[in-house]
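When you get a sec, could you build the whole thing from the sequences and use the hints?
Residue numbers (our numbering): 168 to 315.
Some hints here could point you the wrong way.
Heads up, simulated BS3-like pairs for lysine-lysine below, C-alpha to C-alpha not over 30 Å straight-line [as the list claims (entries may be wrong)]: (1) K272 - K177; (2) K177 - K189; (3) K189 - K287; (4) K272 - K259; (5) K189 - K201; (6) K201 - K306; (7) K270 - K205; (8) K193 - K272; (9) K222 - K193; (10) K239 - K171; (11) K306 - K255; (12) K255 - K287; (13) K222 - K272; (14) K193 - K270; (15) K171 - K189; (16) K239 - K270; (17) K287 - K259; (18) K259 - K171; (19) K287 - K239.
Derived CB-CB ranges, DEER-like [stated by the list, open to error]: (20) K189 - E263: 33 to 39 Å; (21) G301 - D220: 28 to 34 Å; (22) N169 - V307: 40 to 46 Å; (23) R309 - K259: 20 to 26 Å; (24) I190 - H211: 31 to 37 Å; (25) K201 - G238: 31 to 37 Å; (26) I190 - K255: 17 to 23 Å.
The hints are simulated quantities; they were obtained by calculation from the structure and are not laboratory data.
The beta carbon of each residue, even a glycine, is placed where N, CA and C say it ideally should be.
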Amino acid sequence: MNVKIEPIQKEDILNIIPLVQKINVKTPLSILEKRFLKMAALPHYECIGMFIDNKLIGVTGLWYSVRHYIGKSVEPDHVVIDEAYRGKNLGKQLFEWVYTYTKSKGYEAVELNTYTGNTKSHKFYYNEGFNIYGFHFLKVIRNDERFY
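Okay, here's the thing in structure tokens:
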């Protein structure tokens, strides 16, 4: 199994949509495409792909920021490993790559959000050494007030 982890080029960002749709089933494809094109153009966002034999099987976005409570931090977002490849320590391998990569860029901490019902991810992040320090709240202020 030839595993490669590397940044996804901005012009290839839409290649991640089939994986991301697995965790965003309520978000229409057209909206996901628009959002990812906007995200890829931002200077504080980067997308990382995990490939096996040149097939994209995992992805995470990285949001870079400076926080008053921890300093330079990175937030993995829309983390997905294709179901067919789960249970093979690939998530751990992806996060080890993220830690090394972002630390080499001067980042000091990794923080993230995960859906409350995604208990498998909770176990994974606990095993990775993450701690819960607070809650993530969200209020939709669009006219439709829907989460998608």
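Checked hints:
Only pairs whose Cα atoms come within 30 Å are accepted, and K272 paired with K177 is accepted, the gap being roughly 19 Å. At roughly 21 Å between alpha-carbon atoms, K177 and K189 fall within 30 Å of each other, so this suggested pair holds. With a CA separation close to 15 Å, the supplied pair K189 and K287 stays within the 30 Å bound. For the hint linking K272 to K259, the alpha-carbon distance of about 20 Å falls within 30 Å, and the restraint holds.
For the proposed pair K189 and K201, the alpha carbon gap of about 17 Å is at most 30 Å, so the pair holds. The straight-line distance between the Cα atoms of K201 and K306 is roughly 21 Å, inside the 30 Å bound, and the hint therefore holds. With a C-alpha separation of about 26 Å, the suggested pair K270 and K205 falls inside the 30 Å cut-off, and the hint holds. Taken as a hint, the K193 and K272 pair is broken in the structure, with Cα atoms around 35 Å apart against an allowance of 30 Å.
A distance of roughly 25 Å separates the Cα atoms of K222 and K193; the hinted pair therefore holds under the 30 Å criterion. Of the supplied pair hints, the one linking K239 and K171 holds, its CA atoms being roughly 26 Å apart against a limit of 30 Å. Simply put, K306 and K255 have alpha-carbon atoms about 36 Å apart, too far for the 30 Å limit, and the pair is violated. Under the criterion of a C-alpha separation no larger than 30 Å, the hint pairing K255 with K287 is consistent with the structure, at around 14 Å.
Taking the CA atoms of K222 and K272, the gap is about 27 Å. The hint holds against a cut of 30 Å. A distance of roughly 34 Å separates the Cα atoms of K193 and K270; the hinted pair therefore is violated under the 30 Å criterion. Pair hint K171 plus K189 holds up; C-alpha atoms about 22 Å apart against a cutoff of 30 Å. For a cut-off of 30 Å, the pair hint linking K239 to K270 stands: about 10 Å separates their Cα positions.
Taking the CA atoms of K287 and K259, the gap is near 13 Å; set against the 30 Å cutoff, the hint holds. The suggested pairing of K259 with K171 holds, with an alpha-carbon distance near 14 Å, which does not exceed 30 Å. Taken as a hint, the K287 and K239 pair is honoured in the structure, with Cα atoms around 28 Å apart against an allowance of 30 Å. At roughly 23 Å, the beta carbons of K189 and E263 sit outside the given window of 33 to 39 Å.
Checking the proposed 28 to 34 Å range against G301 and D220 shows it is violated: the Cβ atoms sit about 40 Å from each other. N169 and V307 have their C-beta atoms about 42 Å apart, which keeps the hinted 40 to 46 Å range intact. Under the hint 20 to 26 Å, the C-beta atoms of R309 and K259, about 37 Å apart, miss the expected range. At roughly 22 Å, the beta carbons of I190 and H211 sit outside the given window of 31 to 37 Å.
Here the CB-CB span from K201 to G238 is close to 32 Å, well matched to the stated 31 to 37 Å. With their beta carbons about 19 Å apart, I190 and K255 fall inside the hinted range of 17 to 23 Å.
Taken one by one, the earlier hints fail for this structure at numbers 8, 11, 14, 20, 21, 23, 24, listed in ascending order.
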